[in-house]
Structure formats: C-alpha cells, structure tokens
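K.L.:
Given the coordinates of chain D, work out where chain C should sit on it, guided by the hints.
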Amino acid sequence: MTAIENLQLNAQGKLRHFLSIEGLNKNLLTEILDTAESFADVSEQNIKKFPLLRGKTIVNLFFENSTRTRATFELAATRLSADVLSMNIATSATSKGESLLDTIRNMEAMQVDMFVVRHSLSGAAHFIAEQVTPGVAIINAGDGRHAHPTQAMLDMLTIRRHKGSIEGKTVVIVGDILHSRVARSQIHALKTLGAKEIRVIGPATLVPKEMADLGANIYYDMEQGLAGADVVIMLRLQKERMSDALLPSEGEYFKLYGLTEEKLKLANKDAIVMHPGPINRGVEIDSAVADGEQSVILNQVSYGIAVRMAVMAMAMSGQASEQATQKNEENLSAEAQATGDDA
Amino acid sequence: MSNLTLTHAQLLDPSQKLKQLSDVIIENGLVTNITPVGESTSKGDKFDAHSALLIPGLIDLSAHISNVATETSAAAKGGISLVCTQPNSKPIIDTPADVSSIQQSSAAANNSQLLPLGALTQGLEGDQLANMHSLKQAGCIALSNARAPIKNALVLRRIMEYAATHDILIMLTAEDYDLSANGKMHEGPTANRLGLAGIAEVAETASLAQQLLLIELTGCRAHFSQISCGRSVEMIRSAQAEGLTVSADVAIANLMFTDEDVNGFDSTFHVQPPLRSEQDRQTLLAGVNDGILAICSNHQPKDIAAKKAPFAAAEAGMSILDSWLSMMLTLVQKGELELEMLVNASAILPAKVLGINAGIQIGQAANLVIVDTTTETCYSAEKLISTGKNSPVLGETLVGEVKLTMSGGREVFRA
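Residue numbers (the working numbering), protein chains in the order written: chain D, 1 to 343; chain C, 1001 to 1415.
Source of the hints: derived by calculation from the structure; they are not laboratory data.
Think of the CB as a built atom: it goes at the ideal place given N, C-alpha and C, for glycine as much as any other residue.
Keep in mind that a hint or two might mislead.
Said to hold, decoys possible - Between beta-carbon pairs, the in silico distance windows are:
id : chain 1 : residue 1 : chain 2 : residue 2 : range
1  : C       : Asp1167   : D       : Lys255    : 58 to 64 Å
2  : C       : Lys1090   : D       : Leu332    : 49 to 55 Å
3  : C       : Asp1178   : D       : Lys255    : 26 to 32 Å
4  : D       : Thr325    : C       : Asp1178   : 49 to 55 Å
Claimed, not checked - Dumping the calculated SDA-like pairs for lysine to any residue here, alpha-carbon to alpha-carbon at most 20 Å:
id : chain 1 : residue 1 : chain 2 : residue 2
5  : C       : Lys1090   : C       : Ala1146
6  : C       : Lys1308   : D       : Glu98
7  : C       : Lys1352   : C       : Glu1278
8  : C       : Lys1046   : C       : Lys1090
9  : D       : Lys163    : D       : Pro134
10 : D       : Lys209    : C       : Glu1278
11 : D       : Lys191    : C       : Lys1090
12 : D       : Lys163    : D       : Asp291
13 : C       : Lys1046   : C       : Thr1035
14 : C       : Lys1308   : D       : Ala109
15 : C       : Lys1308   : D       : Lys209
16 : D       : Lys209    : C       : Pro1189
17 : C       : Lys1308   : D       : Leu101
18 : C       : Lys1389   : D       : Glu108
19 : D       : Lys49     : D       : Leu101
20 : D       : Lys255    : D       : Ser287
21 : C       : Lys1308   : D       : Ser99
22 : C       : Lys1308   : D       : Leu7
23 : D       : Lys196    : D       : Asp270
24 : C       : Lys1308   : D       : Thr133
25 : C       : Lys1308   : D       : Asn106
26 : D       : Lys209    : C       : Glu1201
27 : D       : Lys239    : C       : Lys1308
28 : C       : Lys1352   : C       : Leu1339
29 : D       : Lys209    : C       : Ser1277
30 : D       : Lys239    : C       : Glu1278
31 : C       : Lys1308   : D       : Thr67
Extracted from the complex, chain C is given alone in its bound form:
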C-alpha cells in the first residue's frame, strides 16, 4: 500500500462536490486528507500534478479479458482502477473455482483490480441457472450472461426471482435474438446500401420492454449492459421514475461512432451491439449528460486474423482500455459530454451500480487517476498495451495523457 502526497492537483469529484486545486494525502493506501493546495504537510513520496486533473479512478462495468496481466496493465495505464470482466472467457466463469482463478491472476498481476462477473446460466447456455449464490459467495460482485442469449422468458423470470432472493445484482443485455436475426450492423440506410444484414432497433427495445416488466414483477436489482438505441434511454428513464432498481450503461463506441462509420466495410467498426444512427448517438449522449447512463469500455481485444476478414465474417469487438479515457475526453473537447458527467458516468455511477464506495473520500482506499488533459497521446499499434490492436483510434492523436493511476490504495501506473 502506498504512502503518497499528491500536490497541485485539479481535483474534480462531483460525488463529493469537490472541484478545486488540491493536495491529497494518501497513507497506507487510504486517503487521509484533502486540502486546498499548500495547506497540508506532505507525508511520504510526493507527486506534483502540475495542475493536471485528478478524478476518481475509472470503473469499467464491462470488458472481456483473457490475458489478465496484460489487459489489467493496459487498464492501469488507461486510468482505470477497477475492471469488471464478462464471464464469456475461456474457461467460462460459471463456478467458484473459475472466480478464484481470475482473482488469483489479478492479485498476481498487481495492476488495476479485476472483478470477475459470474455467469447467470451454466455454460452461458441460457437454460439452467448457474450456482448463483455460490458465485456471489466466491466474490462475484454481479452476475451476467455476457451477450449470450437467454431465449426462454421463464428462465429469465426464474433467474430474476433467484437473484432477488439472494440480493444478487444481475447484468443483462437487451437483444431479441430472433429479431436481430444474425444481423451484422444497425438496420438503416447504410446497412441497406452495403448489403449487410441489419439489426433493427426493435430487437433491443422489445427485449428491454419484456425484461423491464419481469424486473417489475420480481423486484430484482438489474443493470443493462451496452444499450445502443435512443429509445432504450427513455425506457430506462421511465422505469427508474416508476421506482424500479434498474441502471444501464452504453459502450463508448456507441457515443463516438455511428453506423456510417461502417462505410467501406471497415471491420474495426463491427461491434455488438451495433453502432446505430446519429440520432441514437445524440440521445445516448444526452442520457449520459443527464446522469441516466454509465459508460463502459466493452473492451474486446481480438487478434489480427479475427478482424482480417470481410465485415460479416470478422469477429465483433473493439480494443478500448488503453484509449477509453482519451476517447471520453475527446467527447468533452467536442462539447458533446460535460467533464463532470464523464466522471459521473465512468466512475461514480458504476460504483453506485456495483454498490461500492464512490469517489475520493477520506478514510477510503485511494482509487484515483491524474490525467493531463492538455497533452495529447498518439495511439499506434506498438504503443497499445492491450494484446488487441483492433482499436478504432489507431493512428489517431487524442487529448489526454494519464500520469498516475491508483487502484485499491496501490499505485498501479506512473508515467
């Protein structure tokens, strides 16, 4: 655990209503004092932030991680304190032994903390319930079926009832797999022009509507991962207004890109859920700015061969962890995302969803990141730490350079 004094940091933590040039003292991994700059006596090692931005460490509600050491190192360099990894890894995380194996790899790697999400159904097959209680006991903060279908609504109801019984947070995706009909991109003018099978908006909203009704019936705590349609934002908003304990996130890709980026058949932009229309993107951004939606990375590192194929045959997914914060800062720079809402959507809200301490608080373990928002970072394949070079910003220079990342009181990255 670190002893460290951060000086001259432009602290921004909307959860604690903190927004000032500050010094932050960390002792034995815990935040012990936050004062206006120059008013505290420094202890231990000193880190001068030179007025760079200090925000709570990012919490990623959804990533797909196989190589724990490398990917958590990418997370650390990317300013992410905590990463939830989906259960569709090899092996699938559906037993306590699988959970413990990931926990051990994460501890050994000593980078940003990795939290395994256990499977909702055995083998993610959507038929039989996984040992949900045992998975919770083993340390799963939430359970998910990744994007694997649970086609039977009765199974879904049983999952929710069982989760409500044991107060287990479940993470769901909204997709009716019959309606999405093996589509490859958003159904719209671009899909039609390119002759690619489309995934209609209704494939998401019909499934979301059904699941919201089941949540209302069962009273379980549920989070929707990676919604992609503007209309879904409104549905989540009204479900919350009705008092349902539901939350939702959107993948950063759906805030930055649209279906038109698929023009030219660029397989980099083959993702699930698909990139949708500009109108959807705008409504999703509004959902983030209104505090309704969290943002996740939906990080999916792929090897080169998986993407070197015609669009429909290429595997879906983008490598994001290295550039997640820079991508969000780019939205701030464009005036599309408020900086405070960036912090809210990628750090505060995710903590609330997971039921853990949010923000930079005295007495709590330090989860924080210092990022210089005035310098730029060029994202080349060689510079990405992630094994996946399938980044949508390859060759681009984006704003933001992470200087320091702390995860659970440990310093995991320093530039």
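Just chain D, same shape as in the assembly:
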C-alpha cells in the first residue's frame, strides 16, 4: 500500500503518476476535482485548448480494446496541446511475442513524456511506472480488476455536480463487483471523499465478501439495497459471466438486479443513475431508466475529458517539479564538490 502511495507522489506530495485512488488523500482528490471543474467550465465555452502540455508527447498504450476511454484521453491530451499517439497494442507488438517491458522500452526510446496505459492484468500500470525512466508519467486507464482511477474521478465529479457534494451521500453500486476495477476505484474515492454509506449489490458469485474490508456494505437484495440511495451506479454485465457459471441467465439477472423504473422508485426521489458504459440495455438497465430524467450517463462521458485533462496536467507538473528539484540538487552537489565544501 505504501509502495503504491510513494510511487504516485513526488517528494512534495504532488501527483507524478496516476495509478490508483488508494493512497491519495482527500485534498489531492479534491484538487483533481477542482482542476477538472475549471477545465469543464471552459470546455463548455468556445475556446477548448490550453497550452499546458505544449511540446509534450503522450502515447496511449491500449493493450485492451476501448473506444470511449481512449477517445476521451486523446481529446484531453489534444486540448492540453500535447502531441498524441494512440497505439492499439492488443493487435500489434505483444501478439508477436514481445514482452510488456520490451514494448515500454521501445516506446520510451521515442522520447515520450507520458504513457496512458490500459491493460488486462491487475498491476500493469504500477509495473510500468516502476520500470520507466524518471520524468515519464504513467496514467492508469484501467488495469485488470484492480483500478480505473480516472473513471472513478469522473464519477465523483458527476456526483459533485449533480448532487452538490459527495459527503453525506448514500451511493449504491450494482452488478458485477468481482470483476470491476471501476467499483474498486469508486469505493476508495467515495470513502476518502466522505460518502455516508457505500453499498454493493449483487449475487454472492459477483460480490466478494472482502468488499466489506474496503468499507462497503454488502446487499444481496436489490430492493433493500436501493432504499434511501442518493446515487445508483449500474455496472456492465459481461456476457461471459454466464459461461463461467457465475450466473444462470441474463433473464434471471435482469429480474433480480436489472434497474427498472419501478425499482428506481425505491431510491430517494432525486437519486441520480450512473453507468460507466457501454450499457447493455435490457441486461443491467432498462432503456427507460438509461434515457430517463434521473440518468446522468451522458454527462459522465463529457466530464471524463475534463478529469483526464486534470490528471494529465497535474502529473506532468508533478514530474517537472521533481526533475527540477533533482537537477537543482545535482547542481548544488556539483558546486559543493567543485568548491570542496562538505555541506
């Protein structure tokens, strides 16, 4: 835990990589949200570009397919004036047998300043952050079941914008918690930002009892779990869960855990409905709810750009200040040596 914490922060406690929510304190998470908020405000106007990352090269390394996440990262980087290259590694290098480490080394040789990484293995972004040259920032765009911190932060921004704050809110997360990096990151973020209660809802095959150790209350009954909820987050159900013998059928799942207008009435009247996307209509969520008044699913997507701009800008500045400090120290010690001064 401490290792993850140290890896993400520079000596001044500023972000230099963004790997997981775990290990980041409330002030830092709030700083991300505030920074994102400022970008979101401006993005809603006509001028969308900022010169913050001018001259920087950002590579999106996607070892797993993704359309929206990659697109929002690309837009975020472009709006910060960086040069962006997107690589779909799922279909290139690694299929030729190149190791992850070799892929990274090759990309580094192209003088990249930041990697945005998505990988199917938990800990992949963390591993890359340990291996890259100092000064190169890593942003985790999803690693296995472990973490998807930018998604969690855009969800926090969504809650803050639509519910005023996270503090004091009851937030429920419904569905395949076991396989969800989104849920894990959300739970850490909600806890750190002071949510009143976090509930996870689903069958025992998809809700590990250890979620309680992360601070979530477990509900197997959706009706009970929805009572008094301010925020309802639905997770996507992958089709392969049926063949893995985790669920009997989509039909039974929808009956028990699908969000319908009727079930939503059990939550607080002004509750909002969220979903990290892409949604499976009729599997985990009814179309009427997904497109309904309480749904903020499309807002989440647009906040995604602002949040990604915020963490990219913050991590780059964290790296820059760290490099500057180190250079300064090197110069000082060089001077000290030159003058024969022990200090």
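P.N.:
Below, chain C alone, put in the same frame as chain D:
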C-alpha cells in the same frame, strides 16, 4: 572422503538427544566419535568451530533444479547436505535415463548430494502412470508430480495402489485446480483490493481431504509437499492420529510471509502455493513447532525476465537455497520457531520421511553443518550463488553464516 576433527562445536541434534559443546571425529567420511570438548584425540585435519552451532545437515524435500552444478553449490554454501529435486525439469524426470543423467551431474558437481524425484505420471500429464517401479530401481527415493495436476481421482487411486504394491513413497500436492481457477494469490482482502484472482483455502483442503481418504483406502506411504493452509495442518494431524502413514512439509516462504506482502504487486512474492493469511502462517508455525510439519525450500530459481512482468504474468517461485538456513534462523531469532524444531523440521523429519538415517550418528556418513548464529549475512544479488536472483531477502541482512557443510561424508563447503 574426509578425515576431519571438529572441535569446540555447540552440537545440537534432537534425534540423538545431543546438546553440548563437543568434538566430533570424522574418519574416511564416517562419524567415528562424539565426545565432550577436549576429551578426544584429534585425527586428521582440525576444524575449530569456535563454539558455533553444529547441527545435522539440512535435507530439502523440494527444490526445482536445472543447473545442477551451480544450484548444488548454492546448497552446499547454504548448509544443505541433501536436496530432492522435483521432476518438472527439462527434460522431465520420468524415465530411468533421466534419473541417471541427474545422478551423474550430481556426482560430477561433487557438491551437496542431489536426489532426483521421479514423475508419478508420464510427462507429468496426470493421465498415464510413469514406470514407477523402474524409477525406484533407478534410484528415485520418492516419486512426485511436482505441482502438475492429477485431475482424475481414479488415476490418483491407481497411482496409490501401485505405489503401495511396490512400497514407493509418493509426494503429493493438495490443490483442486478447478477450485483454484487459475488464481494468482491467496483469496482474501488483499487479493480483492489488488484485483488479483484469488486461490481459496478450499482449493487446498478439498483436495487434501479427498487424497487422505484415498490414502486410507490404498494404504500407500504419502508425503504432502508445500501445504499452505492452517486447516491442512489439522487435517494432517488427525490423519496421523488415525494411523495413516502421511507426512507433510511447508515452504519456508509460507512461514515468513503472508498475502499482505503482495501489496505493491511485488512479483517476488508470486509463489505456488500462495502466501496465505497471518492466521495460516501462525498455524503452520505451530505445526512445525509441534513436530507435525517439515520445512522445505521450494527453491525455484528464475531468470530476471521471468519476474519482470505484472504480478499475474510473472512466473511463480522464489530462489531460496542460499538463504534457507538464515531464513529459518530469523524465525528462531524472532521467537517464532524453536531452534530444536528448526533442526527437526529441516533435517530429522525429512530424513524420516525419506527413510534414511537421521542426525549425526557414530558409524554413519557425516551429514552436518556448522553455522555461526551470531554473525550476519547480507544477501545481495551478486553474493547469491544460485542462478535465480529472485530472492525474497535480497538486500537484507539475516542472522547466520555457514562455516562448514558435509554431505555424505564429503566436505562440500568451508567458509
């Protein structure tokens, strides 16, 4: 064979009830006399132990060794007299020719003795029985399927019946591979937080229960390698109480570390069986202190690339031989393991499991180690003899420095 007189050695051998400052005379490789210090006439070369600890040489019931010369040299420096190597090497040890090839390499290396464990099934595939009798004839002291699955319980039953027929010791692992479901670490809060697929305790205990019932049915001699769950200790204990000829060992890693060491995704701690909870560790330690469990190294040297990958993609295994004794002494230093039980678990019990002479006995070949428990050793990558630098104690300074190791009457290491 050596002629050597060890003087001023703090002899500790619970199997012979020896615990005193002693002189030990070795002639032509055999222990010929053990006396209180100063009471014997020395013969041949003299080695003054300066009151360092003298214990029976360690016997490792499970290691994975490909480079025989280097790894047995690491064993010698580590105070290990005898090493059993698992059959999942390249090539797999499933024919008498493979056995003889390892025996020759071991003899040529002239370090600590290496005993090849033959495969239980052809190609370790878990389907067809290997030529178990021929492997025994070729010199295999026991047969094992390494950790390769034998999924079919009927095959397992046949193996046990055949082993019982020819009085062959079989070494088993307890893992239901459907239940472990390609997991990467212990199923628990840490696995959940890190998003790594977990291996539930029941993957071990369900398999152990089934195998114990089959052992009861077939009456074979069986040893369980590397149990990892506290509950398994109780199951072995009651099986023994019921009169079954079963024994078990635990890997040193499972006595020193827990699943929480995986925090930070450190691939060094990716091992099979997985590191389990603190409660499991405590129960396993109690099992060792009660004399139920032996300790093995489960040494698996890996090259750097095999470990330089995200946790789940990194190969499982730790390089242990160099530091095995120091790791155990560290547990003694922490008050978690009794020194006598260290000797019992890593030298006496393994000898009994294998059916060979245990301890330091007059008339037997000298298998012993002198270790200074007051000095410390720093384990850096450069200092490790093993080709595997995937050591969990890299950069650490641990108690214990081996001064002399004898294996089968031969002096194989002197500091």
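K.L.:
Against this structure, judge whether each hint is valid.
P.N.:
For each hint, the structure was consulted:
For the hinted restraint 58 to 64 Å between Asp1167/C and Lys255/D, the CB-CB distance of approximately 60 Å keeps it satisfied. With their beta carbons about 54 Å apart, Lys1090/C and Leu332/D fall inside the hinted range of 49 to 55 Å. One distance hint, 26 to 32 Å for the beta-carbon pair Asp1178/C and Lys255/D, holds here, with the actual separation near 29 Å. Checked against the hint of 49 to 55 Å, the pair Thr325/D and Asp1178/C passes, with Cβ atoms roughly 53 Å apart.
Among the hinted pairs, Lys1090/C with Ala1146/C is consistent with the structure: their alpha-carbon atoms are about 13 Å apart, no more than 20 Å. The straight-line distance between the Cα atoms of Lys1308/C and Glu98/D is roughly 13 Å, inside the 20 Å bound, and the hint therefore holds. For a cut-off of 20 Å, the pair hint linking Lys1352/C to Glu1278/C is broken: about 29 Å separates their Cα positions. Our distance criterion of 20 Å between C-alpha atoms is broken by Lys1046/C and Lys1090/C, whose separation comes to about 42 Å.
Taken as a hint, the Lys163/D and Pro134/D pair is broken in the structure, with Cα atoms around 40 Å apart against an allowance of 20 Å. Between the alpha carbons of Lys209/D and Glu1278/C the distance comes to roughly 18 Å, so the proposed pair stays at or under 20 Å and holds. Of the pairs offered as hints, the one joining Lys191/D and Lys1090/C is violated, with about 50 Å between alpha carbons and a cut-off of 20 Å exceeded. Using a Cα cut-off of 20 Å, the hinted pair Lys163/D and Asp291/D holds, with the two alpha carbons roughly 19 Å apart.
Taken as a hint, the Lys1046/C and Thr1035/C pair is honoured in the structure, with Cα atoms around 15 Å apart against an allowance of 20 Å. The hinted pair formed by Lys1308/C and Ala109/D meets the criterion: a straight-line CA distance of about 19 Å does not exceed 20 Å. Among the hinted pairs, Lys1308/C with Lys209/D is inconsistent with the structure: their alpha-carbon atoms are about 31 Å apart, more than 20 Å. For the hint linking Lys209/D to Pro1189/C, the alpha-carbon distance of about 9 Å falls within 20 Å, and the restraint holds.
Note on Lys1308/C and Leu101/D: the hinted pairing holds, with a Cα-Cα distance of about 7 Å set against a maximum of 20 Å. Taken as a hint, the Lys1389/C and Glu108/D pair is broken in the structure, with Cα atoms around 26 Å apart against an allowance of 20 Å. Annotation: proposed proximity of Lys49/D to Leu101/D is violated, straight-line Cα distance about 34 Å (limit 20 Å). Distance restraint check for Lys255/D and Ser287/D: the Cα-Cα separation of roughly 14 Å lies within the 20 Å cut-off, and the hinted pair is therefore satisfied.
A threshold of 20 Å between alpha carbons decides the hint, and for Lys1308/C with Ser99/D the separation of about 9 Å falls inside it, so the pair holds. Note on Lys1308/C and Leu7/D: the hinted pairing holds, with a Cα-Cα distance of about 17 Å set against a maximum of 20 Å. Our distance criterion of 20 Å between C-alpha atoms is met by Lys196/D and Asp270/D, whose separation comes to about 16 Å. Simply put, Lys1308/C and Thr133/D have alpha-carbon atoms about 15 Å apart, close enough for the 20 Å limit, and the pair holds.
As the CA atoms of Lys1308/C and Asn106/D are separated by approximately 16 Å, the hinted pair is consistent with the 20 Å bound. Pair hint Lys209/D plus Glu1201/C holds up; C-alpha atoms about 15 Å apart against a cutoff of 20 Å. With a CA separation close to 33 Å, the supplied pair Lys239/D and Lys1308/C exceeds the 20 Å bound. A C-alpha spacing of about 19 Å is found between Lys1352/C and Leu1339/C, which places the hinted pair at or below 20 Å, so the restraint holds.
For the suggested pair Lys209/D and Ser1277/C, the alpha carbons sit about 16 Å apart, so the restraint of at most 20 Å is met. A hinted pair counts as satisfied when its Cα atoms are at most 20 Å apart, and Lys239/D with Glu1278/C does not qualify at roughly 37 Å. For the proposed pair Lys1308/C and Thr67/D, the alpha carbon gap of about 29 Å is over 20 Å, so the pair is violated.
Hints 7, 8, 9, 11, 15, 18, 19, 27, 30, 31 from the earlier list are contradicted by this structure; the remaining hints agree with it.
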